Amino acid sequence: MAGGPSGTAGGVSNASLVWAVIMSAFAAFGGILFGQVLSLYDTGTIGGAIQMDNWLETFGSYDPTHFLGPQTNGYYLRTENKSLVVSILSAGTFFGALLAFPMGDMVGRKYGITFSCVIFALGVGLQLDTHWATFVIGRVIAGLGVGLVSCLVPMYQSECSPKNIRGLIVGLYQLAITIGALLAAIVLNATKDKQSHAAWRIPIAVQFCWAFILGGGMLLLPESPRYLLYKDRVHDARRALGRLTNRPADSPEVDAECTEITLALEAERAVGNGSYADCFKNTDLRQGFRTWSAIMLQGWQQLTGINFVFYYGTSFFASAGIKNPFIITVIADVVNTCMTIVGIQLIDRVGRRRLLLIGAAGMMVCEYIVAIVGVTAGQTAADGSVNVTAQRVLIAFVCFYIAFFATSWGPVAWVITGEIFPLTIRAKGMSLAVASNWLWNFGIGYATPYLPNGVATAGLHVKVFFIWGSTCLGCLIFTWFFIPETKGLSLEQIDLLYKESTITGSEKYRKQMIAQNETHAHHEKHIESGDQSHEEMVDERVDHKV
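According to the numbering used here, the sequence shown is numbered sequentially starting from 1.
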C-alpha cells in the first residue's frame, strides 16, 4: 500500500481510486471546517474580535485616556490579557496533540476525530459566555479538540490516500486552514459594526456547524486500513481497503495491498515495539532523526512569522495607519487561500524539499523588504500623515510573503509530518511533532503583543519583520540538511530512503526507486500479456483441431 491505496504490480486502476480520494479528502474538508483550520478560524475570529467595541466593553478595561483606536470608546484590552486570550487556545492544542497518540491508537483515527469534534463543540459553547474566566476556559477546551484533530486528520489522510497524489490530499488540510481564516475574516467584517454581543458571538457560534459536519461525516467513512492491520484486525482492514479502492474485500488487489502493509509492519516491529523511546532510537530506520526532523519542521513553520499576520494583522495594519484594516485582512486571507490551491497542486509535481527551499528564500526576501521599507518610509509623520506609497508596498510584500508561505511551508509541513514516520511510531511521532507546532504557536502568540507597539512593549513596530526574515533563513538552512525529497514514494519506500540514502542524495535515490518500480510494473504487465497470448494460441489450436 503506497501511502494509501496504490496497488502492486500494475497498480489499481484510476477509476477505483476515486473513492480513496473522496474519502481521504473529506477529512481535509472537515479540516476546512474544523481541525487546525478552526484553530485559525478561531484565532482569526479572536484576532478580529479583540478590535470590536462590544467585545472590548465586555472583556476589556475602561480608561478614557487610553485610546487604541477611534472606535474603542475608552475600552481597551491590556497587553497581558490580549496575549492570554489569543495564545491560550494553543496551550490547549499542545496537550490535545499529545493526547492524539493514545486516542489514535486506542479508538482509531476515525473515531478519534469524531470525539475531538465533541470536545471542540463544548469549548465553543463556553466561549459564548460573557464572563472572562469562562471564556478563557472555553478557549482551552476548544484547543484540546483542535490539537487532537490537527494530528489525527493528516495521519488519516496519509494512510488512506494514493501515493501519487498523497501530497495533494494531505495538502488539502492546509487549504482548509486558509478557507477557515477567510471565512473568519468575512464573517467578522459582516458583524463588526453591531453594537451588541452578536458582533462577536455570531462568528464564534458558526463553528458549531463545522464540528457537526466533520464529526458526523467521519462516522460514514472507513477506518484507516493501516491502523486496522496494526491492531491485527485483518478482516476489517480488508473491508476498509475494499471501500477505499471500490473493490471486493477478497480481491487479489486488496490481498496484495494488505500483504505489503503487513510485511512492512513486521519489519518495523522487529526493530522496536513502537514506544516513545523508540521514536528517538537511531536504528537503521533512523527513527530518532525522523522524529527530530518532524518536530523541528513544525517548529520552523511557526517561526516563519505567518501567525503574526493572522493573529494580529488587524491590530498591526491599524497601528500602521492603514484605513479599514479588516478589509486588508480579508485581502490577505484571499491571497492565502488562492495560493494554497496553487501550492497543493505543486507538491506532487515540484516536490516537497524543493518547495520548502523556494518558499523559505521567498519569505525571507519579502520580510526583509517589509522591514526595510517600514523603517525608512512607512512611519507615521508627526502631523499624522502617512506615506501612501510605502503603505502600498508594505501591503503588497506582506501579500507576496503570504503567497510564498501558502505554496510551500503551509501545506508541505503537514504532508511531510504525515508521511515521515514508520507505522509503529506514527501516532506517537506525529503527536510529538504537532505538539511542537502548538507549543511554538502558543509562545509566538503570547509573546507577539509585547513586540510591535503599545504600552509595556518592545516597541519594534514594523522592525519585527527583521526577526521573521532571519528565522526564514533558519528555515532554509534546516531544510537543506534535514528534509529529503519523498515525492511519489510509498510510505514503505520512504522507510527505505531513510535507511539507504542521505538527505542531500535523496532526490537521486528517489528517482532510482521510481524507475525500478516502473520497470517492475512493465515486466509484470509483459508477463501477463505473454500469458494471455499463450492462452489465445492454445485456444486457436484447439479450435483448429475441432
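By construction, these hints were calculated from the structure, which means they are not laboratory data.
Quick caveat: nothing in here was measured; it's all calculated off a predicted structure.
Hints are supplied without guarantee of correctness; some may be wrong.
[What the hints assert, rightly or not] Within a straight-line C-alpha distance of at most 25 Å, the following computed SDA-like cross-link-like pairs (lysine to any residue) qualify:
no.	residue 1	residue 2
1	Lys-192	Ala-133
2	Lys-231	Thr-130
3	Lys-231	Phe-212
4	Lys-499	Ile-331
5	Lys-499	Asp-250
6	Lys-463	Gly-351
7	Lys-194	Ala-205
8	Lys-499	Ala-270
9	Lys-511	Thr-130
10	Lys-511	Ser-501
11	Lys-463	Phe-481
12	Lys-499	Val-365
13	Lys-194	Asp-284
14	Lys-192	Leu-357
15	Lys-231	Val-206
16	Lys-192	Phe-208
17	Lys-499	Lys-194
18	Lys-231	Val-21
19	Lys-281	Phe-481
20	Lys-511	Trp-480
21	Lys-194	Arg-243
22	Lys-231	Lys-192
23	Lys-194	Ile-331
24	Lys-281	Tyr-111
[Said to hold, decoys possible] Label pairs and their in silico Cβ distance ranges:
no.	residue 1	residue 2	range
25	Phe-208	Leu-496	29 to 35 Å
26	Ala-515	Phe-289	37 to 43 Å
27	Trp-480	Thr-262	34 to 40 Å
28	Tyr-276	Ile-477	24 to 30 Å
29	Ala-190	Trp-480	24 to 30 Å
30	Ile-477	Glu-80	49 to 55 Å
31	His-131	Arg-392	52 to 58 Å
32	Gly-474	Lys-508	40 to 46 Å
33	Leu-263	His-131	39 to 45 Å
34	Arg-269	Thr-519	25 to 31 Å
35	Val-234	Tyr-276	24 to 30 Å
Beta carbons are placed, not taken as given, at the ideal position from N, Cα and C, and that holds for glycine.
Now for the hints, and whether the structure bears them out:
Note on Lys-192 and Ala-133: the hinted pairing holds, with a Cα-Cα distance of about 23 Å set against a maximum of 25 Å. For the hint pairing Lys-231 with Thr-130, the CA-to-CA distance comes to about 46 Å; that exceeds 25 Å, so the pair is violated. For the suggested pair Lys-231 and Phe-212, the alpha carbons sit about 28 Å apart, so the restraint of at most 25 Å is broken. At most 25 Å may separate the alpha-carbon atoms for a hinted pair to count; Lys-499 and Ile-331 exceed this at roughly 45 Å.
About 33 Å separates the Cα atoms of Lys-499 and Asp-250, which puts this hinted pair outside 25 Å; it is violated. Restraint check for Lys-463 and Gly-351: the C-alpha separation of about 33 Å exceeds 25 Å, so the hint is violated. As the CA atoms of Lys-194 and Ala-205 are separated by approximately 16 Å, the hinted pair is consistent with the 25 Å bound. Restraint check for Lys-499 and Ala-270: satisfied, since their Cα atoms lie roughly 15 Å apart, inside the 25 Å limit.
A distance of roughly 58 Å separates the Cα atoms of Lys-511 and Thr-130; the hinted pair therefore is violated under the 25 Å criterion. Taken as a hint, the Lys-511 and Ser-501 pair is honoured in the structure, with Cα atoms around 12 Å apart against an allowance of 25 Å. Our distance criterion of 25 Å between C-alpha atoms is broken by Lys-463 and Phe-481, whose separation comes to about 29 Å. A C-alpha spacing of about 35 Å is found between Lys-499 and Val-365, which places the hinted pair above 25 Å, so the restraint is violated.
Between Lys-194 and Asp-284, the direct Cα distance comes to roughly 61 Å. Violation of the 25 Å bound is thereby established for this hinted pair. Using a Cα cut-off of 25 Å, the hinted pair Lys-192 and Leu-357 is violated, with the two alpha carbons roughly 39 Å apart. Taken as a hint, the Lys-231 and Val-206 pair is broken in the structure, with Cα atoms around 37 Å apart against an allowance of 25 Å. Between the alpha carbons of Lys-192 and Phe-208 the distance comes to roughly 20 Å, so the proposed pair stays at or under 25 Å and holds.
Taking the CA atoms of Lys-499 and Lys-194, the gap is about 59 Å. The hint is violated against a cut of 25 Å. With a C-alpha separation of about 24 Å, the suggested pairing of Lys-231 with Val-21 holds against the 25 Å cut-off. Simply put, Lys-281 and Phe-481 have alpha-carbon atoms about 19 Å apart, close enough for the 25 Å limit, and the pair holds. For the suggested pair Lys-511 and Trp-480, the alpha carbons sit about 18 Å apart, so the restraint of at most 25 Å is met.
A C-alpha spacing of about 48 Å is found between Lys-194 and Arg-243, which places the hinted pair above 25 Å, so the restraint is violated. This hinted pair does not check out: Lys-231 and Lys-192 have alpha carbons roughly 50 Å apart, beyond 25 Å. This hinted pair checks out: Lys-194 and Ile-331 have alpha carbons roughly 22 Å apart, not beyond 25 Å. Straight-line distance between C-alpha atoms of Lys-281 and Tyr-111 comes to about 30 Å, which puts the hinted pair past the 25 Å bound.
The supplied range of 29 to 35 Å is broken by Phe-208 and Leu-496, whose beta-carbon atoms lie about 45 Å from each other. Ala-515 and Phe-289 have their C-beta atoms about 26 Å apart, which leaves the hinted 37 to 43 Å range violated. Checked against the hint of 34 to 40 Å, the pair Trp-480 and Thr-262 passes, with Cβ atoms roughly 36 Å apart. In this structure the hint that Tyr-276 and Ile-477 lie 24 to 30 Å apart at CB holds, the actual value being about 28 Å.
For Ala-190 and Trp-480, the Cβ-Cβ distance of about 44 Å falls outside the hinted range of 24 to 30 Å, so the restraint is violated. For Ile-477 and Glu-80, the hinted distance range of 49 to 55 Å is not satisfied, since their beta carbons lie about 34 Å from each other. Taking 52 to 58 Å as the suggested C-beta distance range, the pair His-131 and Arg-392 does not conform, at roughly 43 Å. Taken as a hint, the range 40 to 46 Å is violated for the pair Gly-474 and Lys-508, whose Cβ atoms sit roughly 26 Å apart.
The hinted window of 39 to 45 Å between Leu-263 and His-131 is violated, with their beta carbons roughly 57 Å apart. The hinted window of 25 to 31 Å between Arg-269 and Thr-519 holds, with their beta carbons roughly 30 Å apart. A beta carbon spacing of about 27 Å between Val-234 and Tyr-276 agrees with the range 24 to 30 Å that was offered as a hint.
Checked against the numbered hints listed earlier, the structure breaks hints 2, 3, 4, 5, 6, 9, 11, 12, 13, 14, 15, 17, 21, 22, 24, 25, 26, 29, 30, 31, 32 and 33; every other hint is satisfied.
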